[in-house]
Amino acid sequence: MTALLEVRDLVMRFGGLTAVSRLSFTAVRGEITAVIGPNGAGKTTVFNCITGFYRPSEGEITIHREDQSTLALHRLPGFAIAKRGRVARTFQNIRLFGGMTVLENLMVAQHNRLQAATGFTLLAVLGLGRYRHVEAEALERAKYWLDATGLTKRADEPAASLPYGAQRRLEIARAMCTDPVLLCLDEPAAGLNPRESEELNALLLKIRAAGCSLLLIEHDMGVVMKISDHIIVLDHGKKIADGTPAEIRTNPAVIAAYLGEGDDDDLDVPVAAQ
Amino acid sequence: MSDVRSAQGGRDTLIRYIRDAGGVGLLALAIFVPFIGLRLHGETNGLVLHYRPKLLVIGVVLAMLARLLVLIWQERRVHQGRAAWRAARVASAGKYVAPALLASAALLPLVPGIANFYIDLGVLVMTYVMLGWGLNIVVGLAGLLDLGYVAFYAVGAYSFALLAHYFHLSFWECLPLSGIFAAIWGMCLGFPVLRLRGDYLAIVTLAFGEIIRLVITNWISLTGGPNGIYNIPHPTFFGLNFNLGGGPGTFSGFFGIDPDPKQLTTYLYYIIFFLALLTNWVTLRLRRLPMGRAWEALREDEIACRSLGINVRNTKLTAFAIGAMFGGFAGCFFATRQNFISPDSFTFIESATVLAIVVLGGAGSQLGVALAAVVMIGIPALLQDLSIYRMLFFGLALVIMMVVRPRGFVSTRTPSIALGKRQQISSELMSEGHG
Chain A
46 MTALLEVRDL VMRFGGLTAV SRLSFTAVRG EITAVIGPNG AGKTTVFNCI TGFYRPSEGE
106 ITIHREDQST LALHRLPGFA IAKRGRVART FQNIRLFGGM TVLENLMVAQ HNRLQAATGF
166 TLLAVLGLGR YRHVEAEALE RAKYWLDATG LTKRADEPAA SLPYGAQRRL EIARAMCTDP
226 VLLCLDEPAA GLNPRESEEL NALLLKIRAA GCSLLLIEHD MGVVMKISDH IIVLDHGKKI
286 ADGTPAEIRT NPAVIAAYLG EGDDDDLDVP VAAQ
Chain B
200 MSDVRSAQGG RDTLIRYIRD AGGVGLLALA IFVPFIGLRL HGETNGLVLH YRPKLLVIGV
260 VLAMLARLLV LIWQERRVHQ GRAAWRAARV ASAGKYVAPA LLASAALLPL VPGIANFYID
320 LGVLVMTYVM LGWGLNIVVG LAGLLDLGYV AFYAVGAYSF ALLAHYFHLS FWECLPLSGI
380 FAAIWGMCLG FPVLRLRGDY LAIVTLAFGE IIRLVITNWI SLTGGPNGIY NIPHPTFFGL
440 NFNLGGGPGT FSGFFGIDPD PKQLTTYLYY IIFFLALLTN WVTLRLRRLP MGRAWEALRE
500 DEIACRSLGI NVRNTKLTAF AIGAMFGGFA GCFFATRQNF ISPDSFTFIE SATVLAIVVL
560 GGAGSQLGVA LAAVVMIGIP ALLQDLSIYR MLFFGLALVI MMVVRPRGFV STRTPSIALG
620 KRQQISSELM SEGHG
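Residue numbers (the numbering used here), protein chains in the order written: chain A, 46 to 319; chain B, 200 to 634.
The hints are simulated quantities; they were obtained by calculation from the structure and are not laboratory data. Mixed in with the good hints there might be a few duds.
Here are the computed lysine-lysine pairs in the DSSO-like style, where the Cα-Cα straight-line distance is at most 27 angstroms [to be verified]:
no. : chain 1 : residue 1 : chain 2 : residue 2
1   : A       : 128       : A       : 251
2   : A       : 271       : A       : 283
3   : B       : 620       : A       : 188
4   : A       : 198       : A       : 251
5   : B       : 620       : A       : 198
6   : A       : 188       : A       : 198
If the Cβ cut is set under 7 angstroms, some of the chain A residues that face chain B in the computed set are [unchecked claim]:
no. : residue
7   : 127
8   : 140
9   : 148
10  : 152
11  : 166
12  : 200
To list a few chain A residues with every Cβ distance to chain B over 12 angstroms, as calculated [stated by the list, open to error]:
no. : residue
13  : 59
14  : 247
15  : 294
All C-beta atoms, glycine included, are put in the ideal place defined by N, C-alpha and C.
Please model the entire structure based on the sequences and the hints provided.
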């Protein structure tokens, strides 16, 4: 039980709006941590802070490495979080390189490792150096993830021509090709049918078994309750519950947030209905 | 039964066509009456209004016929609807077009009895091929809309001209320097525009092109201002010059042949030919390397690039720098070919022409850009006999082109890596870039 990602007192303000206020939580190494909450609770904002798309207004986000050293993500420029922090992510609205093939998408994901072997590109342009060897390795890694996500047959098709479910899987495969320690998934099950959802569960468990921890935002409770080890519930930018799926299921505050019981906002509803 | 239905369908289509063409005819009439139907003539007792009904009718009928042709063509396209098949056919044709083009380009100056004019035209076209390929890196691969590419052309040309003027350096010494200077300026342009996208990027790059030109124009003590720089040396062939006087130390004197202006033109032709091939070769190599893939990924989705740990800033800067470097080489060549350069050679219209070549060719396609350069530069030059109608035909050709192939001559992309057979990717799936 060692912490991998530690978020402490995270605050994110947009002008006068506080999207996330004083959020603290820990994602444990080797676990699947789910962040749930009603729409607008600030889940994606938390993700964007962790993965460097937003700079937090206050607070600290720390990665604990295996060698006991730490890395402060909130101080890194966006791209370095993926590069040095080894935090990968997917997007709520899929962001693939549509005009490039599935395989190319996976090769782009390994950019940093490949680029390091090109001798500032100069050597590789001249066909010198060890680039060819490193590229062959990268191709093997890409093939592994193609196989794991069932996309091998479509490897040479443009990503934009894939069906929706396959695009979701490709995005996960692409993120995994960066060789992350933490994979952040923003609603990976959105728009999937029940069978695809099951396959996704299996894939996520496989990723966890391979030693990569997961942090996921999800609305599909079937996915969340089945596979997560730890759940954090947000509402209005605040953490209202934190625990195992069994604890969350019976937590009155969570039920209130989801069903609106006793929530101030929902007092208006009967009035409006009359 | 089906015959009856198809006959019915045919009649409906015909009625639709006639109605559509009639509408176009009315529209044409409304537009043509003031433009064609009426004409003012200045005569001794003032202006006289002339009517030209015959010409008006011809104009309207032509417009209707053109509309009918477009309709029929569109109908056929819907029926065929085999975009993939067509793309494959174009790709297989492309397999032969590229080598054929390359071979004819390599052999052009060797055609017996070819006039110097054509070789010179070849030099001009090849310069634009090279510029197009250079800009293709920035626009076609990285998806950064650069309207100021002529700036790098100017930097390359003036680098050589000034070094030759003040330090008496030769073409071959200055060629790499021109490229390096242009690349540095490419990065100078790159830094301030890193955060800009789309239209804003286009405006700033356009302004950058103008700034370079205005600095050159106004820094008279250094660059001679609008008067330009004269007597830029021609390239030498292993130390031999191409003076028409002949004698020792000249190309003709050394080889014991009669001096001929064609010798220099041919030499220039092969220099730019190999420079262009170098550009092409480097681009094709880069496309298969992480840097080139990152450029294309950047064109597709910048945010996804960031999430994968790609340094977007460096990637953009390398695209600007390498694109600019080839512009600089081409500029250096331009200076040596012309003997004389002035800021007039580096106006916005040059940037626009090169960009038009890239867009017409099909963004990202090397073959398309080469074809487009031939069309854009070669054909207007060959059509000089048509005098004032030249640009009319040229404009018409461009309009037809944009209707028939809106994504450029070659609207497919070849993947940089594949497990099996490389399948062409239709550019409809590709993003054009936001930056």
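- Task: Report the numbers of all earlier hints that the structure fails to satisfy, in ascending order.
- Result: none
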